[in-house]
Amino acid sequence: MPPDPPQRERLAPALASKQMPCESHGGSPFERAPGALPWIARMRGTCERFAERFRTPIARGRRLLAGLCINRMLQGCLILVACLAMFLFVVLPLLQLLSKSLADRSGHFVGMDNFIRYFHTPALSRSLYNTFFVSAFTTVVAVSLGFAYAYALTRTDMRWKNLFRSVAMIPLFAPTLLHGITLVYLFGKKGIVTTGFFGALQELTGLSLGFDIGLYGAPGIIISEVIYAFPQATILLSVALSMTDARLYEASEALGASKARTFFTVTLPGVKYGLISAFFVCFILAFTDFGAPKVVGGNFNVLATDIYKQVIGQQNFEMGATVSVILLLPAVIAFAVDLICRRRQVAMVASKAVPYRPKKHPLRDGAYFSYCLLVSLALAIFLGTAAVASLVKVWPYDFSLSLENYRFTQMGGGGYSAFFNSVRMSLYSALFGALVTFCAAYLLEKSTGMQTARKVAYLLSILPLALPGLVIGLSYIFFFNSPRWSVFPLGLEIVNPFHFLYGTMGVLVISNIVHFYTVSFLTATTALRQLDKEFEAVSESLGVPFYKTFARVTVPVCLPAIVEIATYYFVNSMATVSAVIFLYSADIPLASVAVANMDDAGDTAPAAAMCILIVVTSALFRWIFRGISGRLSGKTQLWTVR
Amino acid sequence: MIRIPAEEDSFLCVSTVTKRFGRFEALRDVTFHARRGEFLCVLGPSGCGKTTLLRVIAGLEAQDAGEVFIGGIDVSRLPTSKRRVGIVFQSYALFPNLSAFQNIAYGLKAGKETRKNINERVAGLLNLVGLQEMGGKYPAQLSGGQQQRVALARAMALSPGLLLLDEPLSALDARVRVMLREEIRRLQRELGVTTLMVTHDREEALTMADRILVVDEGRVVQCGTPMEIYDKPASSFVASFIGSMNFLGDAVRETGNVYRIGNVRLEVENGAPPAPLGNRVTVAIRPEDIVVRSADGLRKNGLCARVCSLEFRGPHYRSTLRLHLGGEEDSSTIHADIPSEKIRRFGIKENMDLFVQLPADRIQVYAA
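Respectively, the protein sequence lines represent chains D and U.
Going by the working numbering, the first sequence opens with residue 1, and the numbers climb by one from there.
Going by the working numbering, the second sequence opens with residue 1001, and the numbers climb by one from there.
Be a bit skeptical, because a hint or two may be false.
Unchecked claim - Listed next, the in silico DSS-like pairs over lysine-lysine satisfying Cα-Cα at most 30 Å (straight line): (1) K533/D / K548/D; (2) K1082/U / K533/D; (3) K533/D / K1137/U; (4) K1137/U / K1109/U; (5) K161/D / K259/D; (6) K533/D / K1109/U; (7) K455/D / K1082/U; (8) K548/D / K1082/U; (9) K1137/U / K446/D; (10) K446/D / K1082/U; (11) K309/D / K189/D.
These are computed hints drawn from the structure, not numbers from a lab.
Make a model of the complete structure from these sequences and hints.
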């Protein structure tokens, strides 16, 4: 390969010039004057010092030019683009939200007035307390249930582990609205339990066995949120429990410690951070959820429903923004604590641990088996109730099977067009989400240089996890809807270049990508970290640009993770209500929003039917994505077969 | 710092390179050169900066000061792709979804070669590393040694001027490692490519290198042929890092080439300039250089020693000897490797007194 011109000049005197920096400058006329007069020597020295002062920056400039590698520049630009996008779609909308919360209706800055008003309105500030109460209650119950379930899955030798693991994940597919609706069928005014199987039990036994748990309000919300948070707690705790070092248990046993002592000195400290993480995640989920309180909240107000009522009911955007900020703060704090805990957890497992293999123990295994069976049955009955309710003619009077509820005629929400819009939106979210997320994760993980920009982008990638859907939705209204942005303290106004997106599929897809970005990003990062960190170095030494290696090696090897990310985007985009309920337009109705609207209108059975459609579609697409992944893997992942 | 004068045929030249990571100085003022076709080993304990040095030469890290010249060209600011270096990483970094053939052809496809030429070139390379039949296999289907060869072939595919090997053998088991040592050396000679290998294994360095560069705490502490490094270690660090070495502290140069430890006087004739008179120094000798004598003759550097323990090592015994030095250094112990044959002939047992000789030309002297 021919050297670049500036280098060729430096060929021969390379070393010599290093050791004798002044001699290489050969053109001086004074050089041929041996034994020259002292003043000539002095002058020569001055000249050379002068020349040296100019030569160094020139040489440096040349080197810089030679070092400017087109690939590095491209990478740098892409990182900057990623940073800019994160800034545009995460930071700016949040700033808009914040500035709205500090302004009055006419847009004048009023400082903390809105917040003061909030806390002086008992009807409003009461919900803050309610939300904390419900979330704390949910967290304790969900984490306890999840811990026992995860313990059974990881630390016992019971049967049907895989089945139990799958059943526990079912709630992840459903919108939380479904949990509320099912509860209505079970515990509502005419629910199965409330009426004692519609009086059947009374006829059989002669006793009044129906009882009313007072569903509408805190109990309903708590039960829904527990079901919603339970899978997440189980996942987090299973991971933590399966990472504990078996050698510690052997040591504890060898030292003659009792079971209880082992539990408190080995098991609990081992999962400490996982447990803290589970607590905070469950808390955030319950704290920010909108679907369940919407259906079974009744007069029990929480922050999420308050935002909705302020914005949709009273068109009071400023108070909506204020409540959003109040909702956001605890979520961000919980998120920050969780982040720190996860770091510690990673640090703890860095040593080479021996995986724990549970031994047989009939009594314990039996007990845990019964427990898991009970929980799984409860979940199955729960989902089954909704399915049955959606498939019968008129609950609870006519139990003959019918698809009447699936016709969605003569009711609001949009019916099948809403459903297909949701599928379309979810497909776009899956496609673009997976693409954007994986590329961004690649750039942040595998490029060199731009340290600061990469750190900032990483932080911004983690942040969306702390953003409740409603907050994203509301801030996007502010961000996309106004034709002009006012630069807050300056009173300047600039044209909003993204205004055209408002009310389109685009803004829905963007909000979904941002809403579910963090988990996808972390999945991609984990997959990328498993690749050899020298792939990029190897391709550079072979003169292959990074984007070719990305296409030929990185993407094919990470394909399973990419499909996983796409599935995650799809499933969550199908089920989400919170972010999109502010953003959908009349032209683009959505399935999950239709559920909320139909439930509002009292059409509970069609709402349940739509939920079932969502769950089935998600499961179906998950299966299709798996199939695609398997097909592609058959071609690109031959290497895994030994 | 060791200054190495520039030579006419130096191919790789590293000049006063310094690299910092935050406040940590990974490389300090590193200067050395390698001749065309030379096999140079960079040897040092883990964390001494040797891999950083390789990455700076490859262009994967930018140095904070100093220059790197390859083939006389200043490549200090050039990206890796323009430096014409082939790199084999410790992990090999073979692309798992590409076959051995595709891995080797990876860099060739970037150029404007015809398919036929590429196929011939790759077949040639596969042949060179003895994997003619393995082209279609994926890395996961190859053994560690075979993966290593594919990585080597891939690095050589673009006929680089400089081959950089980062601990290429450390992931292999001992038997394969010894076999591949010879193989790499043979390949390197055949291709005549200037090679820099980073290793922490002294045996690897001693057997493979034309010259060894010993690095400690980011500095070059010695540079020389394996024999020079082993026989005349420049410092007590080099001496103990490469092989075992006995150190007898608290010696003082008395006159000429005579050093005194306790009541014992030792003559030293190792060719090195003597230490300043009266300074405290450390005298050092390798265990295998200590000679056991049948009787205390009038030979110079003879000493009386008691056998404290004997450890069987097959061809020889590693013995621990207590020397009677007199004075404050009375209870010095040293290790000596005594051939098994001698042990049998002299009937040497533990707690026996022996006469040993420290040959004057095998003794090293270091500043205390």
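Here is what the structure says about each hint:
Restraint check for K533/D and K548/D: satisfied, since their Cα atoms lie roughly 16 Å apart, inside the 30 Å limit. Taking the CA atoms of K1082/U and K533/D, the gap is near 21 Å; set against the 30 Å cutoff, the hint holds. At roughly 22 Å between alpha-carbon atoms, K533/D and K1137/U fall within 30 Å of each other, so this suggested pair holds. For a cut-off of 30 Å, the pair hint linking K1137/U to K1109/U stands: about 19 Å separates their Cα positions.
Taking the CA atoms of K161/D and K259/D, the gap is about 23 Å. The hint holds against a cut of 30 Å. With a C-alpha separation of about 22 Å, the suggested pair K533/D and K1109/U falls inside the 30 Å cut-off, and the hint holds. With a C-alpha separation of about 29 Å, the suggested pairing of K455/D with K1082/U holds against the 30 Å cut-off. For the hint pairing K548/D with K1082/U, the CA-to-CA distance comes to about 17 Å; that is within 30 Å, so the pair holds.
Only pairs whose Cα atoms come within 30 Å are accepted, and K1137/U paired with K446/D is accepted, the gap being roughly 27 Å. Taking the CA atoms of K446/D and K1082/U, the gap is near 20 Å; set against the 30 Å cutoff, the hint holds. A distance of roughly 24 Å separates the Cα atoms of K309/D and K189/D; the hinted pair therefore holds under the 30 Å criterion.
Violated hints: none; the structure is consistent with every hint.
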